[in-house]
Amino acid sequence: MLQVLIPLTVDALANAAIIFFVAVGLTLVFSVLRVLNVAHGSFYSIGAYAAASLGLWVVSAGLPEWLTFPALVLSAAFVAAIFGPFVEHLLIRWTYGKSEALQILVTFGLFLILEDLQRIVFGVNSLYEDTPMRLLGSTMIGGIVYLNYQLLLIALAILTLVGLKLMISHTRMGKLIAAVVADREISQALGINTNRIFMLAFTLGVFLAALGGALATPTTGVSPGLGADTMVLAFAVAAIGGLGRIEGAAVAAIIVALARVLAIYYAPELDAVAPYLVMLVVLLVRPYGLFHTDTTRRI
Amino acid sequence: MLSLSSVSASIAGIPILRDISFELKPGLTTVLIGRNGAGKTTLLRTIMGLLPATSGSIKVDGTELTTLPAYARAGLGIGYAPEDRRLIPEFTIEDNLLLPALALKLSRAESEERLARVYRLLPELEGMRKRPGGGVSGGQGKMVALGRALMVTRSALLLDEPFQGLAPALALEYARTLGRLREQLPELTLFITESSPQLLADISDEMIRIERGSIETDAEAA
Ligand SMILES: Nc1ncnc2c1ncn2[C@@H]1O[C@H](COP(=O)(O)OP(=O)(O)OP(=O)(O)O)[C@@H](O)[C@H]1O
Ligand SMILES: [Mg+2]
Numbered sequence: 001m002l003q004v005l006i007p008l009t010v011d012a013l014a015n016a017a018i019i020f021f022v023a024v025g026l027t028l029v030f031s032v033l034r035v036l037n038v039a040h041g042s043f044y045s046i047g048a049y050a051a052a053s054l055g056l057w058v059v060s061a062g063l064p065e066w067l068t069f070p071a072l073v074l075s076a077a078f079v080a081a082i083f084g085p086f087v088e089h090l091l092i093r094w095t096y097g098k099s100e101a102l103q104i105l106v107t108f109g110l111f112l113i114l115e116d117l118q119r120i121v122f123g124v125n126s127l128y129e130d131t132p133m134r135l136l137g138s139t140m141i142g143g144i145v146y147l148n149y150q151l152l153l154i155a156l157a158i159l160t161l162v163g164l165k166l167m168i169s170h171t172r173m174g175k176l177i178a179a180v181v182a183d184r185e186i187s188q189a190l191g192i193n194t195n196r197i198f199m200l201a202f203t204l205g206v207f208l209a210a211l212g213g214a215l216a217t218p219t220t221g222v223s224p225g226l227g228a229d230t231m232v233l234a235f236a237v238a239a240i241g242g243l244g245r246i247e248g249a250a251v252a253a254i255i256v257a258l259a260r261v262l263a264i265y266y267a268p269e270l271d272a273v274a275p276y277l278v279m280l281v282v283l284l285v286r287p288y289g290l291f292h293t294d295t296t297r298r299i
Numbered sequence: 001m002l003s004l005s006s007v008s009a010s011i012a013g014i015p016i017l018r019d020i021s022f023e024l025k026p027g028l029t030t031v032l033i034g035r036n037g038a039g040k041t042t043l044l045r046t047i048m049g050l051l052p053a054t055s056g057s058i059k060v061d062g063t064e065l066t067t068l069p070a071y072a073r074a075g076l077g078i079g080y081a082p083e084d085r086r087l088i089p090e091f092t093i094e095d096n097l098l099l100p101a102l103a104l105k106l107s108r109a110e111s112e113e114r115l116a117r118v119y120r121l122l123p124e125l126e127g128m129r130k131r132p133g134g135g136v137s138g139g140q141g142k143m144v145a146l147g148r149a150l151m152v153t154r155s156a157l158l159l160d161e162p163f164q165g166l167a168p169a170l171a172l173e174y175a176r177t178l179g180r181l182r183e184q185l186p187e188l189t190l191f192i193t194e195s196s197p198q199l200l201a202d203i204s205d206e207m208i209r210i211e212r213g214s215i216e217t218d219a220e221a222a
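Protein chains in written order, with UniProt numbering: chain A, 1 to 299; chain B, 1 to 222.
If we strip away everything but chain B, and leave its shape as in the complex, we get (with noise of 0.2 Å):
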């Protein structure tokens, strides 16, 4: 579905992502477990074209994406959750959600149903639809973010470190949301970042291990 060869990327000249191959496989949970700093962050901007590969190629279902333009990946469909919300804080909940479909100018049906999808998987979001982005918790943020890339989701999701900042109860229901996201749209194939292997032991199909830029595979699927 989504395969990297060779990818190395570069922060201000210093080579951070070096030589990463792997593939995620359609309908699957990818979990990629590294501790602070070991570059899971880099790879899903480099993924999203947010930071250029130096090298490499990142294919989607046979397209390449190193020589798209960024903003190109979510008219693919890959949904991109970052480590911090990063809400428009002046534009209500709803408004953020819908912001994707506007980028993309859906049709009106599209965008309602897509919206209507994301209130079905993540209900709670309704209840705060008209308070602005800059006004929910860091918990409630998360989940608006998650909803927010569903709304670009047709192929991949891409989640980093969805439970960073969570109390333990928020983490165990964004957990569930996820579970639940499985059971609803089965043929999803989910990349999820975390630097703890535990959280997500239940969701996992295939792990993969960063370390200092680096990829090792690892053959205990949890």
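Isolated chain A, as found in the complex (with noise of 0.2 Å):
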């Protein structure tokens, strides 16, 4: 059982790696914005479709394959620059404040823009690039083969959990984030510029989505529609976790992948819906997600 169970769960936690990439972002733009990015999803396919596109030229322009590995941060770095400030300040910025219901149709028009944008420039077809994960190879441990590109997912994954959290704590511009999520006026009458705030944690935000898609195209592809299905994937597990919160994005995330083997193992038929089961289940005990509290605002 073993033998069929670890593979699996390994398998389920480099999902999980990559849908936290997305989770995470989205969360942390809730939190410091106050404003959920229905588009969100969307920089995670412009990230996959930009990684794989300066994957597969790397490679046909004949340069050492290593570089197909730089080149998938830089893909969502290039994305997140392209799109973050841009972005936020073109539409999002006239959202602060008003209703959920405007901020919704607003991210929601961005979303139709970006996928249209995305079919103008990539075409409707699937693009494949797995240079990065061929050159790992695998690992046999105890007669059980691991796949090293899958291994390096989950290490990033957690990387970026204790990194984030690092930066929150230690660092002045994370210190500054922690304020304004606490609270935004007074941030403002001790000197934070919140509107920069703003528009750095959403350009963080959008590397993370990027990020995910830039690292999920060596196990997976890129295709139309990734955007949308990654969207409520990502926010079913921000939403678990409680919307807002940066480990909860990490817990849930691993939650919904060990419910996938679950799934996968007793009721295949019911892999696909697994993660919302689990978010109906959680939301009606915790309306406000597993790492929620209502005494304070927190990242």
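No false leads were slipped in.
Reference excerpt, derived from the structure (chain B facing chain A, CB under 10 Å, subset only):
| no. | residue |
| --- | --- |
| 1 | Gly49 |
| 2 | Leu50 |
| 3 | Tyr71 |
| 4 | Gly75 |
| 5 | Arg86 |
| 6 | Ile88 |
| 7 | Pro89 |
| 8 | Asp95 |
| 9 | Asn96 |
| 10 | Leu99 |
| 11 | Ala101 |
| 12 | Ala103 |
| 13 | Gly133 |
| 14 | Ala145 |
| 15 | Val152 |
Cut-off 25 Å, straight-line C-alpha distance, at most; resulting in silico cross-link-like pairs (SDA-like, lysine to any residue):
| no. | chain 1 | residue 1 | chain 2 | residue 2 |
| --- | --- | --- | --- | --- |
| 16 | A | Lys98 | B | Ile14 |
| 17 | B | Lys105 | A | Asn195 |
| 18 | A | Lys165 | B | Lys130 |
| 19 | B | Lys130 | A | Val162 |
| 20 | B | Lys59 | B | Met207 |
| 21 | A | Lys98 | B | Ile11 |
| 22 | A | Lys165 | B | Pro132 |
Derived contacts from chain A toward chain B, CB cut-off under 10 Å, selection only:
| no. | residue |
| --- | --- |
| 23 | Leu176 |
| 24 | Ile186 |
| 25 | Gln188 |
| 26 | Ala189 |
| 27 | Leu190 |
| 28 | Asn193 |
| 29 | Thr194 |
The set of hints was computed from the structure by calculation and includes no laboratory data.
Please read these numbers as outputs of a predicted model, since none were measured by experiment.
Cβ atoms here follow ideal geometry from the backbone N, Cα and C, with glycine treated the same way.
Take the two lone chains, each set in its own frame, and fit them into one complex as the hints suggest.
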């Protein structure tokens, strides 16, 4: 049984790592800007397309294959630099303090625009670029084969979680973000340029989503419609963890991953709905998610 | 020093402040008296840029404030302690105090000097510097909020109902602290709101009354 369960679990955790990148970006943007960005998943698919395109170019240009690794991160940074400040300034900024209905309408409009944009730029075909996964190969431990790229994904997600928490608690920018999350008005009175924090947090959110997409390409490839699927799953994960809570997104991603393992093992037909069943149960018991604290706003 | 001329402000479309004009003189303590709902908090929030003025002008030493973003006031040395403490609960008391220094990108030496000044004026804060902002009493929190405002203050200090919610003994201590502050920083321009004139009679140089969003200057300074 372990011979089946362990590979299944590693597979699920690697998926959880990818969803964590997207969900933690969503949760970060929500907690700092107080905007639920419905278009967040589009940055995942744009990141995926950008990474696949850049990877394919690296290979076709005959450059060293190991360059496909930095290309993954580079394409995410590129997507964040292009879309982050621009979208926040042009669109999201006008919805601050407005009703949630308006914020959802505006970001849904953004989602539609970004989906069309992807169709225009990348076409409707699927792209596959798996050089990084091939290069890393696999490891055999105790008769079980592990894909090294999947282990790398899990390690990167853990590093990102720890890095984000340390950034918030120990760096100047992180402390300013935490203060803005806790109390916008007093933050301004104490000299914090909140608009700048909103722009940076949004850009970091876009980067995390795009990084999730970029890191996913070697395992799954990219095809149209990816953004919407990912958005729904990331939202479920963020909601389970408690919207706005970084470690909540991590724990929820793992819970969802393990639920899917159980589903695949015992009731394969429930695989796809397992995350939403977990969400249903969690939100019935704790409507604001597992890590929600009702006394203070924190990240 | 700080002057308002014909300032009006609205909340959710309802006019709250009407045509307010007055001036704070440098180095003096001005007390703004008004009953509940008179507009004291709204006036301070308007000066701080947290609520936009619908008309009129607010100047500090010749600099027009109404066109500046809210956060710029801290850079001009205007400290503000709101009515409700508003500490960051998960920061320690010391990190709460240092937050303005981080925001203003003060040098390490400058931050330490300002922090030392705060601990000198409010020695009780040093004893609780490692405690979380969410773990101090209401009265202690008010002292922390005062200290945090002092980290910013170079020109003016605005305090919104500093005695509200304090037990008589604590209120007395807070008033004594303000007296010490006055002695040690003689050049400081202090602006304090209160609902009753008695508590601040000792330290106020000028008194202004606000009533339903309008100012009536009062000749009888205490
Ligand atoms: N958020 C708000 N929405 C609507 N009206 C408000 C709001 N805040 C204040 N007001 C109104 O503005 C007026 C002035 O309120 P403000 O808080 O400035 O009074 P105050 O003098 O500080 O009173 P207090 O002594 O109770 O603190 C009041 O009539 C109040 O009802
Ligand atoms: Mg008030």
